[in-house]
Amino acid sequence: MKARIYVFLKPKVLDPQGKAIEKALSTLGFEEVKSVRAGKFFEVETGDVPPGKEEETLREYCRKLLVNAVIEDYRIEVIEK
Amino acid sequence: MRVTVVQFLGSNCDHDVIQWSKDIFRMPTEVVWYTESDLRKPDLVLLPGGFSYGDYLRPGAMASRTPAIESVIDFAKSGGLVLGICNGFQILCECGLLPGALLRNSSLHFICRDLYLKAGNKKTPFTNKIPDGKLLRVPIAHGDGNYFCDEETAKALESEGRVAFRYVSPEGKIDPEWNPNGSMSGIAGILSEKKNVLGMMPHPERASDKALGCEDGRLIFESVISHLES
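These protein sequence lines map, in sequence, to chains A and B. Its first residue numbered 1, the first sequence is counted upward by one per residue in our numbering. Its first residue numbered 82, the second sequence is counted upward by one per residue in our numbering.
Be aware that one or more of the hints could be misleading.
Stated by the list, open to error - Under the rule of at most 30 Å between Cα atoms (straight-line distance), these lysine-lysine pairs were calculated in the DSBU-like manner: (1) B:Lys291 to B:Lys215; (2) B:Lys204 to B:Lys291; (3) A:Lys12 to B:Lys236; (4) B:Lys254 to A:Lys12; (5) B:Lys275 to A:Lys64; (6) B:Lys236 to A:Lys10; (7) A:Lys12 to B:Lys291; (8) B:Lys103 to B:Lys254; (9) A:Lys64 to B:Lys122; (10) B:Lys204 to B:Lys236; (11) B:Lys276 to A:Lys10; (12) B:Lys199 to A:Lys64; (13) A:Lys10 to B:Lys275; (14) A:Lys12 to B:Lys199; (15) B:Lys236 to B:Lys158; (16) B:Lys275 to B:Lys215.
Stated by the list, open to error - Output of the computed footprint for chain A on chain B, the stretches with three or more beta carbons under 8 Å from beta carbons of chain A: (17) 138–146; (18) 182–196; (19) 229–239.
To be verified - FRET-style restraints, in silico, Cβ to Cβ: (20) B:Ser187 to A:Gly39: 17 to 25 Å; (21) B:Leu293 to A:Glu55: 51 to 59 Å; (22) A:Glu56 to B:Glu233: 23 to 31 Å; (23) B:Pro257 to A:Ala24: 21 to 29 Å; (24) B:Leu309 to A:Arg63: 32 to 40 Å; (25) A:Arg37 to B:Lys291: 31 to 39 Å.
Hints listed in this document are in silico derivations from the structure and should not be mistaken for laboratory results. Virtual Cβ for every residue (Gly too), placed ideally from N, Cα, C.
Generate the whole structure from the sequences, applying the supplied hints.
Put into structure tokens, the structure is as follows:
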């Protein structure tokens with residue numbers, strides 16, 4: 001399976017990194033920029049996963065390691081089964 | 082009192098806490114590598130500061146999923162005393178022994194300086210020797226020490242006396258100017274529900290020897306000794 005996992009800070013969590021990037025964009029003259037939030041992106045490739053269990057498997061990766069549920073949310077995309 | 086220090090790839094304050102325990106307090110001190118499960122029957126486990134796994138993914142995330150930490154979780158659940166300092170605090174939050182998380186400092190800067198700490202509860206295994214009105218001058222050295230938790234957890238920490246330390250001004254007042262990293266309510270350290278696990282960002286082991294200019298950090302180690310003796 002090939003998949004993509006997007007991890008982002010929950011809306012209530014302050015993101016000083018995103019704020020700094022937002023300011024840098026404004027400084028470059030992109031005055032239309034209102035907000036930037038920084039996140040993480042993982043490309044995952046695996047061996048065989050039981051058919052129909054792809055999403056469940058990826059959620060397990062997130063729950064066990066990739067995501068800290070106290071501060072982060074995530075979204076998964078299966079690209080190739 | 083038997084002390085075990087857990088070493089991870091990227092720990093860099095491991096020898097500071099070994100010296101704290103072994104040389105300053107003359108306690109039998111074992112060093113356990115992160116791949117080991119046997120903690121060698123400690124009374125106190127110390128999780129040192131540093132940058133385990135280079136802070137990859139999230140500070141403390143990978144270290145918190147190692148065999149040594151699985152044993153630390155069992156040890157803590159059976160009432161054992163655990164003190165995590167700096168990266169050790171991050172590991173304790175990541176492994177679920179303490180609630181909340183440590184985010185990037187609000188200034189985005191790595192900060193290394195002495196600060197003043199006020200104990201929030203002096204009836205704990207880690208704070209019982211701190212005299213009334215005493216502030217501890219202890220250094221911090223971190224880039225990710227901005228404590229965050231949800232509102233419900235924050236209320237529980239306050240009402241259950243689980244805020245071990247707060248950053249305060251030299252006069253002992255809560256003051257945003259003396260909060261180095263944006264931590265909610267100036268939190269510098271918190272305790273588990275049973276108060277046998279303490280996580281703190283400041284480094285008491287670096288303030289426990291006259292040669293280092295301050296000995297306030299000794300009070301934390303002395304509290305643990307006194308707790309185990311009583």
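Taking the hints in turn, this is what the structure says about them:
no. : hint                            : verdict
1   : B:Lys291 to B:Lys215            : holds, 18 Å
2   : B:Lys204 to B:Lys291            : holds, 27 Å
3   : A:Lys12 to B:Lys236             : holds, 17 Å
4   : B:Lys254 to A:Lys12             : holds, 27 Å
5   : B:Lys275 to A:Lys64             : holds, 25 Å
6   : B:Lys236 to A:Lys10             : holds, 20 Å
7   : A:Lys12 to B:Lys291             : violated, 43 Å
8   : B:Lys103 to B:Lys254            : violated, 35 Å
9   : A:Lys64 to B:Lys122             : holds, 28 Å
10  : B:Lys204 to B:Lys236            : holds, 19 Å
11  : B:Lys276 to A:Lys10             : holds, 29 Å
12  : B:Lys199 to A:Lys64             : violated, 35 Å
13  : A:Lys10 to B:Lys275             : holds, 29 Å
14  : A:Lys12 to B:Lys199             : holds, 28 Å
15  : B:Lys236 to B:Lys158            : holds, 23 Å
16  : B:Lys275 to B:Lys215            : holds, 24 Å
17  : 138–146                         : holds (count 5)
18  : 182–196                         : holds (count 7)
19  : 229–239                         : holds (count 3)
20  : B:Ser187 to A:Gly39: 17 to 25 Å : holds, 18 Å
21  : B:Leu293 to A:Glu55: 51 to 59 Å : holds, 53 Å
22  : A:Glu56 to B:Glu233: 23 to 31 Å : holds, 29 Å
23  : B:Pro257 to A:Ala24: 21 to 29 Å : holds, 25 Å
24  : B:Leu309 to A:Arg63: 32 to 40 Å : holds, 37 Å
25  : A:Arg37 to B:Lys291: 31 to 39 Å : violated, 47 Å
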